[in-house]
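In terms of the UniProt record's numbering, the sequence shown opens at residue 1 and continues consecutively.
Hints in this document: simulated from the structure, not taken from any laboratory.
Treat each hint with caution, since some may be false.
What the hints assert, rightly or not - Straight-line distance between alpha carbons at most 27 Å, and here's what the computed DSSO-like set of lysine-lysine pairs gives:
#1 Lys582 x Lys692
#2 Lys817 x Lys790
#3 Lys460 x Lys413
#4 Lys776 x Lys817
#5 Lys744 x Lys815
#6 Lys836 x Lys92
#7 Lys92 x Lys133
#8 Lys776 x Lys282
#9 Lys559 x Lys582
#10 Lys92 x Lys798
#11 Lys160 x Lys334
#12 Lys555 x Lys479
#13 Lys570 x Lys586
#14 Lys259 x Lys269
#15 Lys804 x Lys836
#16 Lys356 x Lys378
#17 Lys541 x Lys479
#18 Lys92 x Lys75
#19 Lys730 x Lys378
#20 Lys586 x Lys555
#21 Lys565 x Lys576
#22 Lys570 x Lys582
#23 Lys541 x Lys565
#24 Lys570 x Lys581
#25 Lys586 x Lys559
#26 Lys378 x Lys334
#27 Lys356 x Lys92
#28 Lys267 x Lys334
#29 Lys848 x Lys798
#30 Lys356 x Lys85
#31 Lys804 x Lys790
#32 Lys776 x Lys798
#33 Lys334 x Lys295
#34 Lys541 x Lys586
#35 Lys730 x Lys677
#36 Lys282 x Lys804
#37 Lys541 x Lys570
What the hints assert, rightly or not - So the derived label-pair ranges between C-beta atoms look like this:
#38 Glu417 x Met840: 51 to 61 Å
#39 Ser120 x Ser438: 28 to 38 Å
#40 Pro201 x Lys267: 46 to 56 Å
Where a beta carbon is used, it is the ideal one built from N, C-alpha and C, also for glycine.
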Amino acid sequence: MATVGDGEKLNPGEQEDSQDREMESEGEPCEEPEEGSSSEEDEDDDKENEAEIQRLEEQLSINAFDYNCHVDLIKLLRQEGELGKLRRARQKMSELFPLTEEIWLDWLKDEIRMSEDGSSREQVYELFERAVKDYICPEIWLEFAQYSIGGMGQEGGIEKVRSVFERAITACGLHMTKGSTMWDAYREFENAILSTIQPPPGTIPTPEQQQILNEQLERIHALFRRQLSIPLIDMETTYAEYEEWSDKPIPDSVIQQYKQAVKQMEKCKAHEEALMVAETPKMSEYQAYIDFALKEGDPDRIQLTFERALAENCLVPDLWARYTHYLDRQLKVKDLVLAAHDRAARNCPWTVGLWKQYLLAMERHGVDHQRVCDNFEKALNAGFIQATDYVEIWQAYLDYLRRRVDFSQDSSKELEELRSAYTRALEYLKQEVEERFSESGDPSCTIMQNWAWIEARHCKNIQKARELWDSIMTKGNAKYANMWLEYYNLERAHGDAQHGRKALHRAVQCTTDYPEHVCDMLLMLERIEGSLGDWDNAVQKTEARLSRVNEQRTKAAAKEAALAKQEEEKTEQRKKTRAEKKAFKKSKKPTKGGEKRKADEDDEEEWGEEAAVEKPKKKHKGEGDNAVGEDDGEEMEAEMGLFGRNETRKAETPIKQKAKLAVQAKEQPKVVHDSNKENITVFISNLSYNMKDPEDKLKALFEGCGEVSEVRLVYSNSGSFRGYGYVEFKEEKCAMNALQMDRKMVEGRPMFVSPCVDKTKNPDFKVFKYSTALEKHKLFVSGLPYSCTKEEVEELFKSHGCVKDIRLVTNRAGKPKGLAYVEYENEAQASQAVLKMDGMQIKEHIIKVAISNPPRRKQPDMPEFAKPSASMVPRQIYGARGRGRTQLAMMPRALHRQTMPAIKAENGTMQEQSTTSSPPAEEPKKMSNADFARMLLKK
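With the hints as extra help, turn the sequences into a complete structure.
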């Protein structure tokens with residue numbers, strides 16, 4: 001039963017025996033190792049391991065919640081044979097985290113190997129008791145039962161073994177795939193006892209022996225009947241074994257229960273088979289199984305299904321939250337509920353929601369106050385990843401303390417504890433949280449607001465409440481109308497009218513977001529309660545304040561209108577310049593016969609349709625069908641050898657090449673899109689314009705997705721490939737497979753593949769598939785070298801957890817931008833990677849690593865009050881990606897308006913250069929602010 005684990009260090013005697021056996025099996029004599037070879041390598045390995053152990057211990061002293069660091073330390077200590085340190089390391093880890101099945105089995109086997117006397121055996125029993133509480137693991141229960149069988153020689157040993165087996169089948173006997181193993185082991189144990197009490201052959205048992213024998217037989221019968229009433233995989237084998245073992249017919253009641261269990265097993269069989277073939281972590285399969293169990297309504301099976309899912313997905317906070325919510329609302333068993341909450345918080349300590357629910361569960365079940373406080377301290381040290389998480393856990397703890405206070409007494413121990421907790425919370429947010437996150441996480445000071453209301457309402461201490469509100473306003477909240485109105489409501493409810501009036505007067509002067517609101521509240525107060533003097537004073541202050549506000553808004557509106565007018569004038573100027581340039585080109589007609597060929601237009605038609613413009617050939621000798629064109633004349637000269645020379649054909653000029661391409665474009669069929677085939681068609685874009693034979697290449701590229709019906713590419717009027725088109729398949733599933741090729745590199749560029757949707761009919765359709773919300777399991781990495789590949793990034797980050805996906809951000813040309821997204825399996829691995837990788841140097845680049853939290857996209861329809869003013873936005877407006885580096889202003893320099901007189905150097909002095917025919921002025925005229933204003937407004 002006990003075997004030496006991988007990497008375990010044997011004692012010296014065992015090492016020599018194992019070496020002798022290895023050498024004998026290879027046919028070599030046992031020789032002493034050469035000096036300077038293996039012994040030196042072992043010493044080097046030992047030194048490296050000792051250094052690594054020291055490093056891991058130092059790292060754990062800094063961050064005790066580093067799960068991977070605990071695992072690595074335990075592995076090294078087990079390899080080195082440091083049993084004392086190994087036991088302490090395992091003990092520390094078990095206090096912070098529930099241990100996995102593998103870690104527990106290694107620990108138990110090591111302790112079993114070292115246990116000799118009865119006292120050490122009791123310690124192993126205690127260790128087993130701790131192990132079975134972390135997860136429902138049939139293997140650990142089976143090991144527990146086998147170890148207890150070894151202690152049957154002690155007093156009450158048989159009953160102790162039976163007790164362990166009964167607990168084991170209660171915990172995991174319903175496990176559909178592994179439960180039968182536990183039942184079979186239990187029956188084998190009882191059959192072994194039966195064989196020991198059987199009378200020898202040929203003897204007649206005494207009445208006492210017969211009674212003991214009958215009782216043992218009945219125990220085995222009962223185990224068979226209990227097992228057959230439970231739906232388990234391979235129940236038919238157990239039924240056949242019962243028929244063969246029993247010397248009596250199976251009762252009808254047992255057969256009926258067996259048939260019902262078989263029906264239930266058939267219902268669950270599909271979910272069990274899905275789990276068998278699914279890959280780890282099988283989250284979707286377990287979710288479906290849980291939904292099925294909840295619908296069936298059997299509490300034992302629901303609990304077991306949750307436990308099975310959590311054993312393989314112990315770091316998924318949402319699964320723990322769903323399990324604890326079910327226990328809180330349905331079972332409500334104190335020990336079961338609190339144990340589940342404790343395991344949830346230990347598995348996912350970075351999730352503040354689990355800690356909050358744990359505090360509520362402890363309060364709900366009347367747990368000792370000191371235990372609640374201890375768990376709150378553990379939550380503070382858990383290492384949350386957001387500043388707001390600390391505000392939430394503090395608020396939950398303060399709510400718990402507030403509910404303990406009896407406010408009918410003027411002073412009590414609980415009230416003083418509550419006040420000291422509020423004071424500590426504010427200091428903690430100011431010192432600890434702001435230092436780590438550069439923010440307190442509580443900009444609106446909700447904790448201070450709650451404290452102020454408690455002091456005013458329950459403690460009748462309005463002075464303390466006013467002091468708290470003064471502190472709130474000094475933290476940047478005085479400009480918000482809702483904060484002043486909240487303070488005013490506090491004064492009206494528990495203060496006096498005079499202080500409420502002062503609060504509104506201060507609000508009128510300080511509020512910047514909605515000054516009209518606080519002005520109306522002040523006038524309403526004076527209309528109901530104030531004197532004539534109070535009314536006049538309020539009217540004077542509100543009118544002055546609103547006058548200033550309206551003046552500021554008028555100036556901002558005028559400035560915005562002026563900027564808009566300037567933009568309109570610039571647009572008109574650009575149009576005028578473009579028209580003049582076009583007219584200038586038309587005026588340059590060719591000297592020879594024929595009309596000038598129209599310029600090629602590259603404007604894209606909607607849905608890839610382009611008007612193929614037929615361009616007439618130039619004719620020199622007449623306009624009839626038999627007229628000889630320019631190209632024909634050159635061919636005749638080359639063939640007939642005019643002027644006595646046999647010249648070769650002249651090289652085609654760019655104009656002739658363009659004409660040929662135009663003819664080819666004319667011959668190309670128009671790209672017509674059939675809206676009825678959108679489900680079997682994909683749109684491809686961002687392809688290279690210089691791609692040779694694009695239709696053949698793309699057809700070969702997409703044949704792996706399914707049978708391609710047609711490839712329709714878009715060409716310009718000049719016959720050049722425009723870099724986009726359509727691929728039509730025979731079946732819809734082929735088009736769905738083709739979507740997986742989005743951003744595949746084709747000739748050095750990422751090819752975009754998207755669904756074929758008519759955006760004129762579906763304007764809200766978006767292909768953007770990346771999240772714009774906080775993703776705690778995904779990291780955003782910036783500052784990477786441009787030469788860094790996806791494999792190099794994966795090699796860097798996989799040491800901190802299981803990397804599910806890596807996406808390098810590139811531009812449209814496929815060039816890297818030094819950014820990447822790294823997705824882990826869970827939040828714990830991502831948070832650990834942030835702590836270890838942020839600020840790391842890679843190829844002389846300092847990278848930044850943070851939790852992925854993309855900014856929200858701007859909504860197209862913003863309310864008027866939410867639109868930014870012209871003074872807050874840049875004057876130049878470009879596309880969503882900003883102005884590119886290679887974009888040039890196409891307006892001629894001569895048309896740019898001169899903002900200052902042009903000057904030149906002449907004879908060493910700077911003089912004004914007049915742009916008109918008038919003589920230059922002796923001195924440049926100085927412009928006033930009014931002149932500049934008129935110039936800007938073009939008056």
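Okay, the hints, checked on the actual structure:
1. Proximity of Lys582 to Lys692 is assessed by CA-CA distance (about 33 Å); at most 27 Å being required, the pair is judged violated.
2. Among the hinted pairs, Lys817 with Lys790 is consistent with the structure: their alpha-carbon atoms are about 13 Å apart, no more than 27 Å.
3. Simply put, Lys460 and Lys413 have alpha-carbon atoms about 18 Å apart, close enough for the 27 Å limit, and the pair holds.
4. Distance check on the hinted pair: Lys776 and Lys817 sit about 23 Å apart at the alpha-carbon level, within 27 Å; holds.
5. Annotation: proposed proximity of Lys744 to Lys815 holds, straight-line Cα distance about 13 Å (limit 27 Å).
6. Between Lys836 and Lys92, the direct Cα distance comes to roughly 22 Å. Compliance with the 27 Å bound is thereby established for this hinted pair.
7. Our distance criterion of 27 Å between C-alpha atoms is met by Lys92 and Lys133, whose separation comes to about 17 Å.
8. The hinted pair formed by Lys776 and Lys282 meets the criterion: a straight-line CA distance of about 20 Å does not exceed 27 Å.
9. Using a Cα cut-off of 27 Å, the hinted pair Lys559 and Lys582 is violated, with the two alpha carbons roughly 35 Å apart.
10. As the CA atoms of Lys92 and Lys798 are separated by approximately 25 Å, the hinted pair is consistent with the 27 Å bound.
11. Note on Lys160 and Lys334: the hinted pairing holds, with a Cα-Cα distance of about 26 Å set against a maximum of 27 Å.
12. With a C-alpha separation of about 21 Å, the suggested pair Lys555 and Lys479 falls inside the 27 Å cut-off, and the hint holds.
13. Distance check on the hinted pair: Lys570 and Lys586 sit about 24 Å apart at the alpha-carbon level, within 27 Å; holds.
14. With a CA separation close to 15 Å, the supplied pair Lys259 and Lys269 stays within the 27 Å bound.
15. Distance hint between Lys804 and Lys836 is fulfilled; the C-alpha atoms sit about 19 Å from each other, no more than 27 Å.
16. The hinted pair formed by Lys356 and Lys378 meets the criterion: a straight-line CA distance of about 12 Å does not exceed 27 Å.
17. A threshold of 27 Å between alpha carbons decides the hint, and for Lys541 with Lys479 the separation of about 17 Å falls inside it, so the pair holds.
18. A hinted pair counts as satisfied when its Cα atoms are at most 27 Å apart, and Lys92 with Lys75 qualifies at roughly 14 Å.
19. At roughly 61 Å between alpha-carbon atoms, Lys730 and Lys378 are farther apart than 27 Å, so this suggested pair is violated.
20. Between Lys586 and Lys555 the CA atoms are separated by roughly 47 Å; this puts the pair beyond 27 Å, and the hint is violated.
21. Of the supplied pair hints, the one linking Lys565 and Lys576 holds, its CA atoms being roughly 16 Å apart against a limit of 27 Å.
22. With a C-alpha separation of about 18 Å, the suggested pairing of Lys570 with Lys582 holds against the 27 Å cut-off.
23. Using a Cα cut-off of 27 Å, the hinted pair Lys541 and Lys565 is violated, with the two alpha carbons roughly 36 Å apart.
24. With a CA separation close to 16 Å, the supplied pair Lys570 and Lys581 stays within the 27 Å bound.
25. For the hint pairing Lys586 with Lys559, the CA-to-CA distance comes to about 41 Å; that exceeds 27 Å, so the pair is violated.
26. Distance restraint check for Lys378 and Lys334: the Cα-Cα separation of roughly 21 Å lies within the 27 Å cut-off, and the hinted pair is therefore satisfied.
27. Straight-line distance between C-alpha atoms of Lys356 and Lys92 comes to about 24 Å, which keeps the hinted pair within the 27 Å bound.
28. Between Lys267 and Lys334, the direct Cα distance comes to roughly 32 Å. Violation of the 27 Å bound is thereby established for this hinted pair.
29. Between the alpha carbons of Lys848 and Lys798 the distance comes to roughly 17 Å, so the proposed pair stays at or under 27 Å and holds.
30. Using a Cα cut-off of 27 Å, the hinted pair Lys356 and Lys85 is violated, with the two alpha carbons roughly 35 Å apart.
31. Among the hinted pairs, Lys804 with Lys790 is consistent with the structure: their alpha-carbon atoms are about 13 Å apart, no more than 27 Å.
32. A C-alpha spacing of about 17 Å is found between Lys776 and Lys798, which places the hinted pair at or below 27 Å, so the restraint holds.
33. At most 27 Å may separate the alpha-carbon atoms for a hinted pair to count; Lys334 and Lys295 meet this at roughly 24 Å.
34. A distance of roughly 68 Å separates the Cα atoms of Lys541 and Lys586; the hinted pair therefore is violated under the 27 Å criterion.
35. Straight-line distance between C-alpha atoms of Lys730 and Lys677 comes to about 10 Å, which keeps the hinted pair within the 27 Å bound.
36. Between Lys282 and Lys804, the direct Cα distance comes to roughly 14 Å. Compliance with the 27 Å bound is thereby established for this hinted pair.
37. The straight-line distance between the Cα atoms of Lys541 and Lys570 is roughly 44 Å, outside the 27 Å bound, and the hint therefore fails.
38. Look at Glu417 against Met840: about 44 Å separates their beta carbons, and that is not inside 51 to 61 Å.
39. Checked against the hint of 28 to 38 Å, the C-beta distance between Ser120 and Ser438 comes to roughly 53 Å, which is inconsistent with it.
40. Remark: the range hint 46 to 56 Å for Pro201 to Lys267 is upheld by a beta-carbon distance near 48 Å.
Hint compliance for this structure: hints 1, 9, 19, 20, 23, 25, 28, 30, 34, 37, 38 and 39 are not met, and every other hint is.
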